[in-house]
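All chains, please: the whole structure from these sequences, using the hints.
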Amino acid sequence: MNLLHIDSSILGEHSVSRQLTSEVVESIRLAEPTVNVVYRDVTRQLNVQLDDVFLAAKGTPAEARNAEQAAQVALSEAVMAEFLAADVLVIGAPMYNFSVPSQLKAWIDMITVAGVTFKYGSNGPEGLAKGKRAIIVATAGGLHQGTATGVAHIDYLRVVLGFLGISDIRVIAAEGLNMGPEVRDPALASARENLSHIA
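Each residue of the sequence shown is one higher than the one before, starting from 1 at the first, in the UniProt record's numbering.
No lab work stands behind these hints: they were computed from the structure. Check the hints yourself; a few may be wrong.
Stated by the list, open to error - The calculated lysine-lysine pairs, modelled on DSBU-like cross-linking and capped at a C-alpha distance of 35 angstroms, are: (1) Lys119 <-> Lys130; (2) Lys58 <-> Lys105; (3) Lys119 <-> Lys105; (4) Lys130 <-> Lys105; (5) Lys119 <-> Lys58; (6) Lys58 <-> Lys130.
Written out as structure tokens, the structure is:
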């Protein structure tokens, strides 16, 4: 089994989402000792954006690309290969300003490619990344699930992954982390209880 572990928090060792994704991966390792884990920290290992520079690089024949273009295309292809090879995705997704981190959005842009991970047919879009399992570790300073302020966070990730053909999606959420220990502590305890059954 191949597992792709994605972290997107900018808080480093102080990040709750990073702590929880590590615990999820460790739980899966204990249940599946032969699991192959690939790790990508998109805050440090994804310096490419879906912009005019990247599109120009993709549109330039390989032999004509300059060094920067070649590096961008190679990185995007590596990110896609990791995604396609994964049986399980563990995605750390803190909420920043009511949505996912821009670095995580950049990763999503690299894996959402027509003809590779989805296609359009006579019946509309069809996801081509079927058979994968996704575990979203979502954290937030406030309480947003089920409200309008949460739509661009967990709901957005469900939509994107579903669009790519992934139907087995589980969410481990820890919210209210900035609302004091009386909210934070039970939220973390609940998240850890949920992740203990994830494997």
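Quiz prompt | Distance restraint between Lys119 and Lys58, which requires alpha-carbon spacing of 35 angstroms or less | solution = With Cα atoms ~19 angstroms apart, Lys119 and Lys58 stay inside 35 angstroms; holds.
Self-check item: Hinted pair Lys119 and Lys105, Cα distance within 35 angstroms
Solution: holds (20 angstroms)
Practice problem: For the pair we were handed, Lys58 and Lys105, check the Cα-Cα distance against 35 angstroms. | Solution: holds (19 angstroms)
Quiz item: Holds or violated: Lys130 with Lys105, Cα cutoff 35 angstroms?
Solution: holds (21 angstroms)
Quiz item: Are the Cα atoms of Lys119 and Lys130 separated by 35 angstroms or less?
Solution: holds (13 angstroms)
Self-check item: Pair hint Lys58 and Lys130, alpha-carbon separation not exceeding 35 angstroms
Solution: The given pair, whose Cα atoms are some 26 angstroms apart, holds under the 35 angstroms limit.
Of the numbered hints given earlier, the model fails none.
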